[in-house]
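Working from the sequences, and respecting the hints, build out all of it.
Chains as they are written, first to last, in the numbering used here: chain A, 38 to 526; chain G, 38 to 526.
Rather than coming from a laboratory, the hints here were simulated on the basis of the structure. None of the hints are false.
Computed footprint of chain G on chain A; a stretch qualifies when at least three of its residues, placed anywhere within it, have a C-beta under 8 Å from a C-beta of chain G:
hint : region
1    : 135-148
2    : 267-279
3    : 300-312
4    : 469-479
Every residue, glycine too, gets a C-beta built ideally from N, C-alpha and C.
There are 2 protein chains.
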Amino acid sequence: MTDSGPDRCNSMTYDDQPWDQEYDVVVIGSGFAGLAAAIEAAQTGARTVVLEKMRIPGGNSAISGGLIAVAGSPLQHHKGIEDSPELMFNDMLKAGMGLNHPELARLVAEQSGDVLRWTIEKLGVEYQDSLNHLGGHSVPRTYITATSTGSGIIQPLLAECHKMAIPVQMKSQLTRLITDQRGHIQGVEIRDNYLFPNSDSGNVQRLRAHRGVVLATGGFSRDILLRTSQDPRLGENIDSTNHVGATGEGLSSALQVGAIPVHLSWIQLGPWASLDEKGWGVGSMFTLLAGFPYGIMVDSSSGKRFVNELSDRKLRTDAMLMKNITPVAIVDSEGVKNASTLDKCLKRGVVKKFNSLEELAAFYTIPLPQLHQTLERYNLSLSHGRDIEFGKPLVKDLKPIAKPPFYAIRLLPKVHHCMGGIQINSHAQVLSIHDHQPIPGLFAAGEVTGGIHGASRLGSNAIVDCLVFGRIAGKNAGAARSDAAMKPC
Amino acid sequence: MTDSGPDRCNSMTYDDQPWDQEYDVVVIGSGFAGLAAAIEAAQTGARTVVLEKMRIPGGNSAISGGLIAVAGSPLQHHKGIEDSPELMFNDMLKAGMGLNHPELARLVAEQSGDVLRWTIEKLGVEYQDSLNHLGGHSVPRTYITATSTGSGIIQPLLAECHKMAIPVQMKSQLTRLITDQRGHIQGVEIRDNYLFPNSDSGNVQRLRAHRGVVLATGGFSRDILLRTSQDPRLGENIDSTNHVGATGEGLSSALQVGAIPVHLSWIQLGPWASLDEKGWGVGSMFTLLAGFPYGIMVDSSSGKRFVNELSDRKLRTDAMLMKNITPVAIVDSEGVKNASTLDKCLKRGVVKKFNSLEELAAFYTIPLPQLHQTLERYNLSLSHGRDIEFGKPLVKDLKPIAKPPFYAIRLLPKVHHCMGGIQINSHAQVLSIHDHQPIPGLFAAGEVTGGIHGASRLGSNAIVDCLVFGRIAGKNAGAARSDAAMKPC
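Below you can see the structure in the form of structure tokens.
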């Protein structure tokens, strides 16, 4: 437990503005990465504060599906699934098309077990007793929180911050990183009482960070101008699964102090979101947990499958976008048992229930004979133990899709994750474009960073990335000693 | 003709440093884009200077192959080749995988005819009387300078600068863009008498740019740290075709004043460079003009073709890298007539001459029966008027590869072009990451910009891009009136 209250003193910023508050570590963002960083920083004895621009904490993390990939986990051991950090690392590189920064990707895989244990033992996070097999992973290795949402981890993180007396300050918007003459980070300029998205709201405040600033500000999936700079196809007609605050100001602040932009044009669309609701919604988890692993996805105009439903997201969304089709995922009454959000999906009309394939085909105007043939071929595949047509890795004890009622969801790709961001090293230090050395006093973790996932992030690799690098950033920021920190205030 | 001599006066930079020299327009870089910009800026009456960090002018432009794509040109008309800016635009988008900023790509295609005329009528550039068909272009549309090098355009550009009394100042390294409090560009900080690559050499000078700064600093193919940030596979074991000064400082200076990085991770390797010499060398032009359009490329271990020799560069280099082969391009005594650098290639051992296929196959340890079969199949294809195996677009009057002696070159991909850079609009104004509006006083053109070519630049589309946007940048910088420019010095 540390005393995280601010000190007030009379020192000045480099450009002769007074500091309003002083901390050792200032963390920007209250998602997985930010909160994990704050806890680790405070653990070193650093006076730590978390700043969040929105009215509620948690950002995208809170609304995520709570899926976390772990290589060599107790559940895998229990279920006899062989896995290793090396295998997970190779899966990441394959999806990343070799663009991943290997030392960073390897760290995520290697520390995935530790970080799972930390969430359970330190935070008391509860997970379901089953593993999920997500696209692009060689084996089932994905835990899911008891609540099937990211808030199942965010709430325990917030409780821990509270316990450690780390203030988590809402409506505090980063406007600028403050450097000294040498380019070392001194602190941050923010607007407090900020009302998103009104850039004139709130009051300018300057916060000294004696040891370091941790950027954990997330991606820019909701910044339409920036995302169309990187990929002009992702204009405002394309929806996003992200919360409205995913607007990338942390990234631009970092670039302005010389951070290195990495892979910004690799923006991931999610293949599992529903056409019949906005954003991430309730349908995404239905497709992720039931539709894709236990069902099939067909093109409604042909009744045929067109891609491995568990391949990496880029392959799937490219197939969905390029072929310009309306995909429908179909699962039967057995497979649907794996869906965690079925009731909500049915209530909102996102998933429809059909007593027969005939009824289903008629509703979506899928040619019935072709749909029958597709299912027959797929079911036959299962009896041979492998998906002959598209090589989908089959979950254990997979049953044929045959038992009515059937459930279906119409899909369309939505902007989901920014693989790109600023470059860090394995100590979560932000590197400078001028000499590729750390910018003193600047750390980053989570979606604001780039390089870890290369061209494509695998599903359930975000939470583990955020927690691993959030913890590293917090530890190192807490341990950092700037020149200025030596001097008494 | 304008008086481009500097004025000296007593005004100060925003951070209270005196200006050493004053101009209206300061152009950084003396390649195609920079020199074209300087000429157009001076044409508006602006006092203009060109700064070049190296000891000699021209950068990569001077050592390039002097190939320029033009849609709907006099030579095409004369030869009965149907083409249009629309077709060229579509070729660019196809290679660019849809990532191109369409308004910029379209401008290049639409103004290609104008810019060709400008080089001939204004500059007196001389071109050969034949058109070339480069990879990814639907039709032959590529002019080549009389000297088969970019200096065939650089020298006339320099002569024009001289005629217009525009100083082109060597050994002048940009160290920083100087802004005022609002972020508007005021001028540049440089080191003059700089000796590349010694960053401590020379003396700091501050140059006022009353109307604007044009960045035409080229790409970062030779900056191994930055290129491995973007693509970790491109480490120091991979050679580059670029001159040693292609080190990207202009890009980092621009990012630090809020320019938007675009597509930095799309770095192009050239598929035509020789394994038997460093850099661009003399072999690249041999392959470009003879080996690929008039010959075939085979994998030396199998004797088989493995890719369309005229597909876009990404497809070709991916095929070469992924299959991990040693490709050899082969042409006969007919096809070799199109090579402009044959003598030099033979002299340096980059191209070898063989009296028979047997001799050639023995030298490269290519299985002879397979090589015979490959050539037979390819020659048979020609008699049907199309490349059945890989769909290579065939140049007119293509003859079978059959007439000894044969010529061959061993190839390997080398880092060639950075598609990514800073974002500009169609007025060549650099946009700010904060509001996506122009940064007042900052213009850019050429390889330092990103977005025009998307994921992959087609061969011979760089010179036309540089000249089109260089001219636009110069005109607009010359016409710009900053607040400060209104005030007398």
